[in-house]
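Chemist: Single-letter residue listing:
Number of protein chains: 2
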Amino acid sequence: MVIRPWTADGRRTIHRDRWVDLSAERVTTATGAVLDPYYTLAYPDWAVAFALTPEGQVVMIRQYRHAAALIDLELPGGCVDPEDAPLLASRRELREETGYDSDEADYLGRFAANPALQTNYVHVTLLRNAVRIGEPAPEAGEEVAVELLSVEAVGRAAVSGAMANAMHIAAVFLVMGRLGKLQF
Amino acid sequence: MVIRPWTADGRRTIHRDRWVDLSAERVTTATGAVLDPYYTLAYPDWAVAFALTPEGQVVMIRQYRHAAALIDLELPGGCVDPEDAPLLASRRELREETGYDSDEADYLGRFAANPALQTNYVHVTLLRNAVRIGEPAPEAGEEVAVELLSVEAVGRAAVSGAMANAMHIAAVFLVMGRLGKLQF
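Residue numbers (my numbering), protein chains in the order written: chain A, 1 to 184; chain B, 1001 to 1184.
The set of hints was computed from the structure by calculation and includes no laboratory data.
A portion of the hints provided could be inaccurate.
[Stated by the list, open to error] Listed next, the stretches of chain B that the computed footprint assigns to chain A, with coverage defined by at least 3 CB atoms under 8 Å from CB atoms of chain A:
| # | stretch |
| --- | --- |
| 1 | 1096–1104 |
| 2 | 1137–1146 |
[As the list claims (entries may be wrong)] Only part of the chain A face toward chain B is listed, based on derived beta-carbon distances under 10 Å:
| # | residue |
| --- | --- |
| 3 | R4 |
| 4 | T53 |
| 5 | P54 |
| 6 | Q57 |
| 7 | R92 |
| 8 | D106 |
| 9 | R110 |
| 10 | A145 |
| 11 | G155 |
| 12 | A166 |
Note that the Cβ used here is the ideal one computed from N, Cα and C, for glycine as well.
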């Protein structure tokens, strides 16, 4: 079977504000099946930062994630605002959440957060020579503990369940590829 | 900072049907910040199958993902129904989407799809000795092309952008750990 895109019409907004943008469409698949309603969620892109200190430690954060009601070990990260690029966004989130900064940033790539349901991508940045330049400056509702871990410990956390967030696990996988930790 | 869970009250349903369950709550964080509305999306758990043929090929699928408007290389997978376990769900989805089946299943673990916003988990199953037992039997709206790839090719696809879905990239990372392809 050759896979082809679908078409959509009749888009209507179900709920939209600063945090949520839920729409429904009438979708016709490539083989002519009609799916109505087909729901999509529009979000801004997100960026995550894998920040290495001069000593080779990774700047990780621990925070509570309310929907799944779990305390998770994650990479610093947040929204890519319309006016900034993924590299700037990941550096800003690193600074706000951890107090660390770096001016040696490599863009590693992107993946889709959940391409069946969500419009947005997650961008992955590797920041080297990250140093603590001040106190964290979290936004309201951000309560973040900073933890420094070795690269190997982060890799093990990502595959062992100690990191629970799919997007952050996927980001660590991309980083491990760049750092030569994969045997393929 | 010690990270503690938040509390919530005043839950109201914004939109709920067979496909979407969007709620808003009034959330009080551990440090007393009030977030209202805080939106969560309830979904059933999902399961993905990394199925290996007797020849060591991986049974992959290619399909169109409408929200992000991309054609993606993914693992077979789908919803875990209330009455079935993740192993059964991954085997059923493998059979429906590809026509392959296996009775040698290992449960590798789970991660949260998006724990800040979504309630659900993604379960990862390794199915060995997968053989084609019939034609695929996709659901309406599932248009799926089956592709057999080597384990190494799937690993490279996951870190190179050829696989675009965060959850499937994360699942491949867990599998590579089980298969001894990680150097940590």
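Chemist: Decide, hint by hint, whether the structure agrees.
Modeler: Cross-check of the supplied hints:
1. Look at the stretch 1096–1104 of chain B against chain A: 0 of its residues bring a Cβ nearer than 8 Å to a Cβ of that chain, fewer than three, so the hint is violated.
2. For the stretch 1137–1146 of chain B, the stated coverage by chain A holds: 5 residues have a C-beta nearer than 8 Å to a C-beta of that chain, and at least 3 were required.
3. Proximity of R4 of chain A to chain B holds as hinted, the smallest CB-CB distance being about 7 Å (cut-off 10 Å).
4. Of the supplied interface hints, the one on T53 of chain A is violated, with its beta-carbon coming no nearer than about 18 Å to a beta-carbon of chain B, more than 10 Å.
5. Annotation: interface hint on P54 of chain A violated; nearest CB of chain B at approximately 21 Å, more than 10 Å.
6. With a least beta-carbon distance of about 15 Å to chain B, the hint placing Q57 of chain A at the interface is violated under the 10 Å criterion.
7. Checking R92 of chain A against chain B: minimum C-beta separation of about 18 Å lies over 10 Å; hint violated.
8. Given hint, D106 of chain A at the interface with chain B, is violated; its Cβ is 14 Å from that chain's nearest Cβ, farther than 10 Å.
9. Checking R110 of chain A against chain B: minimum C-beta separation of about 7 Å stays under 10 Å; hint holds.
10. Satisfaction of the interface hint for A145 of chain A is found here, the shortest Cβ-Cβ separation to chain B being roughly 5 Å, below the 10 Å cut-off.
11. The interface hint given for G155 of chain A holds, since its Cβ lies 4 Å from the closest Cβ of chain B, which is under the 10 Å cut-off.
12. The interface hint given for A166 of chain A is met, as the beta carbon of that residue sits about 5 Å from the closest beta carbon of chain B, less than 10 Å.
The structure does not agree with the numbered hints 1, 4, 5, 6, 7 and 8 stated previously, though it agrees with the rest.
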